[in-house]
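Protein sequence lines correspond, in order, to chains B and H.
According to my numbering, the first sequence is numbered sequentially starting from 200.
According to my numbering, the second sequence is numbered sequentially starting from 5.
Don't take every hint at face value.
[Unchecked claim] Covered stretches of chain B, going by a simulated chain H footprint (3 or more residues, C-beta under 8 Å):
hint, segment
1, 283–296
2, 307–320
3, 382–391
4, 406–418
5, 422–436
[As the list claims (entries may be wrong)] One side only, chain B facing chain H, incomplete, derived with CB under 7 Å:
hint, residue
6, 354
7, 375
8, 395
[Said to hold, decoys possible] If you want the ones that stay clear, here's a sample from chain H, every Cβ over 10 Å from chain B, calculated:
hint, residue
9, 332
10, 359
11, 362
Note that these hints are calculated values from the structure, not bench results.
None of these values were measured; they are calculated from a predicted model.
The beta carbon of each residue, even a glycine, is placed where N, CA and C say it ideally should be.
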Amino acid sequence: MTGAGMAPRDFLTDRLMLGLVVLVALVLGMPSLKPLFATLFPRLDRPLYEAESFVSLTLDHMALVGASSLAAIMLGGGAGIAVTRPWGREFRGLLETVATMGQTFPPVAVLALAVPVMGFGPEPALIALTLYALLPVVENTVAGLDGVPAPVLDSARGLGMGPAEVLFRVELPLAAPVILAGIRTAVIINVGTAAIASTVGAKTLGLPIIVGLNGSNQAYVIQGALIVAALAVVIDAGFDRLAGWLTRWSQR
Amino acid sequence: MHNRVALLMVLAAAVAAMALPFLGFAPNRLLSGRPVPLWAAVQGLGGAAALLPGLVLLATPFLRPTRAGIGLTVAAGGLFTAGLVWLAGAQAAALAQGASAAARTSFASGFWVMAAAGLLTAIDAARRLGLGAIGRMAVGGAVAALVALQLASGHLDALSILKEYANRREIFADAVLRHATLVVAALVPTLLIGIPLGVAAHRVQAVGRAVFPVLNVVQTVPSIALFGLLMAPLAALGAMLPGTGISGVGPLPAVIALTLYSLLPIVRNTAVGLDGVPAPVREAARGMGLTPRQIFLRVDLPLALPVFLSGLRITVVQAVGLAAVAALIGAGGLGAIMFQGLFANALDLVLLGAVPVILLAVAADALLSIGIAAATHSIGVLPGKSAP
């Protein structure tokens, strides 16, 4: 689909490629838009956020989202697998209760509550984002593994597969699209919460927005908002593409 | 060993009791406090009595899984959590004597771990008793009522979060009202636009194909970015139309953004709910001589109601959280208290803003869950969802 023979029209209707181009152009080209912002907001002394480069803010933002999502996938996926095994079944109710209850907690409140416990800085943001991302991952891992038809499991065991083999070669591949949907929810929420994490001292793309809001500098707000919105749309489109591949692969 | 969940919770609580601070005591609200361990907080007969459910809790992993045994586990877990709150209140009052008025006693990590362990043990045991979601909510509600009782009696007044509350009673009441108003103000246009759009998406496929991708992208955009991007156009509009009160900051952009986010669950669940009404039921109604209007009101609406209500639940819970973020663009509400605390490094203020936001979301979720259960009950078991 993204082969070399792609026609220009396909390229324009491809949400992922288009978004990626817009994102890279915004991140790299924001400084050259300074005259534009100066014209739009003539009353501002500093029409461009220059305290940090947008490249480094974007990378920091992605690192925070990536690290917390990765931790959540390992922990949440592990917990989801554990409670669907015979020896862990007893903990399933508990895990489901925590996952449903926890998801009614607004992410911004979880983020704020991490500060009294851990202080300011990137650490509380990392912990809060990880905890919050755990919940959809756990929920969908359990749902995905549950959805594997019993006859399929029986025939896999009949073929002489051990429990680990059944898990890795049958259950996880079949559950992968549902698990991926949970990861997608978690990552998209995290992109937004990471932006708000600038209020607790993490350096992310939310920083120009927060600085701009506090100092009535609308140009800063727009610059941060445009990039973070583009980043979220690109990541979502990436998951869309990944989900398509995975569905085709797991149905093979 | 009969209850491994209780065992895990008891172990977590025991480790927290020994290794983590129960409370923090600080000379004023800006300094970090010295830790107060649980054993130092247990004073006198009352303190010992408050910890009694904790002793019972230690035995719960080994109780036989009879109704009495599990019932005792529910009671022990719930009362343990309520007892911890009582203990914190009593110790805060004791510490306040002989200290300056600026001194602060706040919950510390050990309290949170133990309180969560007690509550989760109770809720898990309630599930083992065969209680449904509503029954488990009632267990949580009973613990909340015990805490509310202590709150109302003034027993907790010496805790820092309530000192912050006492300092800004009126601001707090205004913030809660403002927060709820923002959510409701967004809900009205959401329902007025969302329900007709959902009905249209159900009847004409092309509508759904046009609307859902747009709403999905909106849902993807982080809230803080959407708030920020709405500011400049609204400010420009306000400058062009002076006297209309349109402005880039304040409640207007907040309500617009909240409405944009709220549309997706409402439109989607209205359409999905209507899609789920079985065709034979509609035909039977037509055969009985009902007019299209009557079919819509008497067949489609009640049958689609549970799915619609779960969309409403997602919308309201989400809006409560987003309204907190809207404080950043000057919309007020509980988020304003929360962010004021974060920017001023006043952590008790953060709690005073964040905890009610969570409580509002949980309360809205519980109320709408009860509504969904009632709506599902009133139409009987849905076809295809019958119990095995």
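Inset, instruction - Of all the hints given earlier, name the ones this structure violates by number, lowest first. - result: 6, 7, 9, 10 and 11
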